[in-house]
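A.B. asks: In the order they appear, the protein sequences are chains A and B.
Per this note's numbering, residue 32 is the first one in the first sequence, and the count goes up by one each step.
Per this note's numbering, residue 34 is the first one in the second sequence, and the count goes up by one each step.
It should be emphasised that the hints constitute simulated quantities derived from the structure, not laboratory data.
Wrong hints could be hidden among the right ones.
[To be verified] Distance condition first, Cα-Cα at most 16 Å in a straight line; then the derived EDC-like pairs of lysine to aspartate or glutamate: (1) Lys59/B with Asp99/B; (2) Lys139/B with Asp69/A; (3) Lys42/A with Asp90/A; (4) Lys125/B with Asp69/A.
[Stated by the list, open to error] So the derived list for chain A, only partly shown, Cβ under 7 Å to chain B, looks like this: (5) Leu76; (6) Phe121; (7) Leu135; (8) Phe137; (9) Gly138.
Quick caveat: nothing in here was measured; it's all calculated off a predicted structure.
Heads up, the beta-carbon is just placed ideally off N, CA and C, and yes, glycines get one too.
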Amino acid sequence: EAAVTQSPRNKVAVTGGKVTLSCNQTNNHNNMYWYRQDTGHGLRLIHYSYGAGSTEKGDIPDGYKASRPSQENFSLILELATPSQTSVYFCASGGPGQGANERLFFGHGTKLSVL
Amino acid sequence: SQWGEENLQALSIQEGEDVTMNCSYKTYTTVVHWYRQDSGRGPALIILIRSNEREKRSGRLRATLDTSSQSSSLSITAAQCEDTAVYFCARKMSNYNVLYFGSGTKLTVEP
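Construct the entire structure; sequences and hints are all you get.
C.D. replies: The following block contains the structure:
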């Protein structure tokens with residue numbers, strides 16, 4: 032079974048602080064994604080990557096940066112955290128299959144609280 | 034039904050009943066994914082249906098895809114308590130190689 036590991040599982044940050052959420056996949060998938068999920072709503076795409084060295088903006092990229100230093104690792108960075116970024120963040124890798132047939136494998140999520 | 038900016042919907046049924054969740058979309062799509070999310074975990078794919086399939090079954094799950102009405106449905110036959118979860122439909126947009134999720138349906142199956 033495909034494995035996606037997120038760290039930390041829980042994080043409390045202060046407003047204005049820097050937060051880095053990490054994601055590691057052992058699936059050798061090219062594509063990786065960061066979503067956020069807020070209570071009562073679906074998943075919204077923040078950033079994604081097609082491979083090492085690439086990052087693309089999703090629907091809600093403002094206030095977030097992403098980094099893909101290797102095939103396995105994809106980080107989400109909040110340079111100046113704000114309370115509105117309090118949410119649950121999910122990382123996913125995509126494969127096998129291409130395009131519309133691509134299946135996503137999700138991590139367990141990181142619960143972030145910005146105080 | 035779910036999609037777009039609609040808030041999470043909720044359904045509550047008794048064990049043994051059948052249930053259908055719906056998903057509608059505005060633009061043409063050839064593949065719809067259905068994901069299930071258990072409490073405290075990330076979503077997991079449970080069934081994927083392509084436009085040339087129209088209907089697909091997996092155990093007690095049945096998915097349909099109607100490209101003419103631009104809608105998809107997920108049915109669960111004889112629901113069990115362990116089917117309690119949030120169910121999302123998802124699809125690729127034509128101009129983006131990424132998966133977009135509906136708002137979800139929270140299903141509660143009571144004993």
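A.B. asks: Next step is simple, just say for each hint if it's right about the structure.
C.D. replies: Taking the hints in turn, this is what the structure says about them:
For the suggested pair lysine 59/B and aspartate 99/B, the alpha carbons sit about 12 Å apart, so the restraint of at most 16 Å is met. Of the pairs offered as hints, the one joining lysine 139/B and aspartate 69/A holds, with about 14 Å between alpha carbons and a cut-off of 16 Å not exceeded. Pair hint lysine 42/A plus aspartate 90/A does not hold up; C-alpha atoms about 23 Å apart against a cutoff of 16 Å. Restraint check for lysine 125/B and aspartate 69/A: not satisfied, since their Cα atoms lie roughly 21 Å apart, outside the 16 Å limit.
Annotation: leucine 76/A was flagged as interfacial toward chain B, and the flag holds, the nearest CB pair being 6 Å apart, inside 7 Å. Among the interface hints, the one on phenylalanine 121/A holds; its C-beta lies about 5 Å from the nearest C-beta in chain B, closer than the 7 Å criterion. With a least beta-carbon distance of about 6 Å to chain B, the hint placing leucine 135/A at the interface is held under the 7 Å criterion. A distance limit of 7 Å between C-beta atoms decides the matter here; for phenylalanine 137/A the minimum to chain B is near 3 Å, and the interface restraint holds.
Using the Cβ-Cβ criterion of 7 Å, the hint placing glycine 138/A at the interface with chain B is satisfied: the shortest such distance is roughly 6 Å.
Consistency with the previously given hints fails for numbers 3 and 4, ordered from lowest to highest.
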